[in-house]
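Assemble the complex: chain A is given as a structure, and chain B must be docked to it using the hints.
Line by line, the protein sequences give chains A and B. Residue numbers for the first sequence, in the numbering used here: 1 to 333. Residue numbers for the second sequence, in the numbering used here: 1 to 333.
Certain hints may be false.
Because identical chains share one entry, a pair is satisfied inside a single copy or across any pair of copies.
Stated by the list, open to error - DMTMM-like mimics (lysine to aspartate or glutamate), calculated; alpha carbons at most 25 Å apart, straight line:
hint	residue 1	residue 2
1	135	66
2	20	304
3	186	61
4	45	145
5	100	8
6	135	61
7	115	41
8	100	5
9	115	26
10	135	5
11	135	233
12	115	11
13	147	234
14	100	61
15	186	119
16	20	66
17	45	26
18	155	203
19	135	11
No wet-lab data here; the hints were simulated from the structure.
Protein chains: 2
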Amino acid sequence: MNNMDLQEIGEFGLICRIRKWINSSDPALIQGIGDDVAVIEVGTKVLLMTTDILIEGIHFDLSWMDPYPLGRKSLAVNLSDIASMGGIPKYFLVSIGLPKNLPVSFISSFYRGLKHEADRFRVGCIGGDTSLSQKMIVNICLLGEGKKRNLLFRKGAKVGDALFVSGRLGDSALGLKILQAKKKIKGSEALVKKHISPSPRVELGQAIAKYHLATAMIDVSDGLLIDTSHLLEESEVGARIWEDRIPLSRPYRKCVRPFSKDPSRFALSGGEDYELLFTAPLTMRGKIVSLARSLKIPITRIGEILAQEEGFHMISSDGEDYSPSRLGFEHFK
Amino acid sequence: MNNMDLQEIGEFGLICRIRKWINSSDPALIQGIGDDVAVIEVGTKVLLMTTDILIEGIHFDLSWMDPYPLGRKSLAVNLSDIASMGGIPKYFLVSIGLPKNLPVSFISSFYRGLKHEADRFRVGCIGGDTSLSQKMIVNICLLGEGKKRNLLFRKGAKVGDALFVSGRLGDSALGLKILQAKKKIKGSEALVKKHISPSPRVELGQAIAKYHLATAMIDVSDGLLIDTSHLLEESEVGARIWEDRIPLSRPYRKCVRPFSKDPSRFALSGGEDYELLFTAPLTMRGKIVSLARSLKIPITRIGEILAQEEGFHMISSDGEDYSPSRLGFEHFK
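This is chain A alone, in the form it adopts within the complex (with noise of 0.2 Å):
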């Protein structure tokens, strides 16, 4: 078994077995490795914590991404995380690998980026650690604190719950491959900014944690497939989503023809969205159309959640039934 390599067991399978290698046991862990969030209790507070690690050449490319955004995203992708439990974020520290000849006015750039965002959404900066690296590299932990009562995880829907998606899909993943291809293409900015400058859920996520809207909640990071059967399986639920139900963007519809025959490609599996995907029993839908009015975030219901043996269903445009099959992004593979 060992003699495998990294490409053969993919994240997934790496994360399954860093599971095992290393996962602790204690009374006051409500949520260890797993989830993109761990969750503990320390004294009278339950705290959560997340981290993402950045690498220039695999999650952005210095040509097309500036230091000011870059700085912004770094803290936005771990504010997402934080936001899919309904948790208040709060303090974070950075480590940053730096090439030696990169000018300080890059650095002082990136900085200000990541002092916006984390003034945006009152979070301070309270240590971290620099390097020197051939390539850069941001890693950011962030701590963040929620109610007990009130968090909400992978697990917890239910069959009959419906599947809400907040936002618009694959606009960040059809950004990229605009980006990539180094061509201005008329109407596109809204996609590139999705991917550059993504804005998490924070307040959203909050919102529907204090009120109890939702049964189950994550974020749509890795894309919609991926992320949805993650909380299938936390859940040990199925599902059926509707394909034409999928929330997507004018630019996106305008936009994706010459980078996909299948026009839903990059809103099933595209990542990075930072959306909050989440279940809810039907009974609370009047609860979630005001609160998306209230907070002008839009929140679709795109599928519903059926027994674990009934397995991941999807029923395309014309009504065909499929099974998700390419679920999206997955390091090393």
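This is chain B only, laid out in the frame that chain A set:
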């Protein structure tokens, strides 16, 4: 100013700038950027947070570093930071970047090493992130706890205090030289071991804090001279260190000659000792000696704290008073 590059300002110039760019003020923040450990009040608890990034080719070389000790050391360097405040390490997250052709057996060894160190110090792995990467990258973020009235900082040293250091200095840096030379040197095993598997002084740090034996403390990770200068700066004092009092191990004395004309070099400005450097009034000397005896860790008085105007003096073995100029390792420069 901003047309400079990183090489010109160096690691400490960068950290100083980062502090200005992004420092946050928060009444709950006891210690922010500028120390190895951030300290925050959360409810009735005082939490400590620290992070360290290790990058292949910068901090370690896979030609002489096996994955098991690398796992141990990745956590040990963070444990040492918590130890330097007298805190209790509790939970950590690991972000890891891995080349895709890495064997799974390599990665499982790494995590077994991490688990060994975690179990030894009773800390739990609660999460992390995984990514593809050209070079191997490990970033650990460690959360600890402490009692506000016990915690020790870089600041706090008083004129007239004595300066103490635990263990022996220079072994790790000399061990690294020996590894890099790729030569077998008789009697050098302990030096290499100190580099590969440093032992963080967690128990000692906690005892010093608990019994209020010290006025200021730091761990020796960048080298004695540079870490002393951090302590002096934050405490706004000067110091005198007697070179011939610096504790050197027998293998160090035996092996140092072919690697440096100055036999104190690695002890003064080599890094990665992970020993504790602290200041204490001379009245505490008896208690410190007892503690050293009961924990079986040598503690040596190497100098004394002077007024800031007097500066930082080294007294060489032949009585010459000199100013420490080459202060040890600094990233980027």
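> Any hints this thing doesn't respect? Which numbers, in order?
Replying inline: 2, 11, 15
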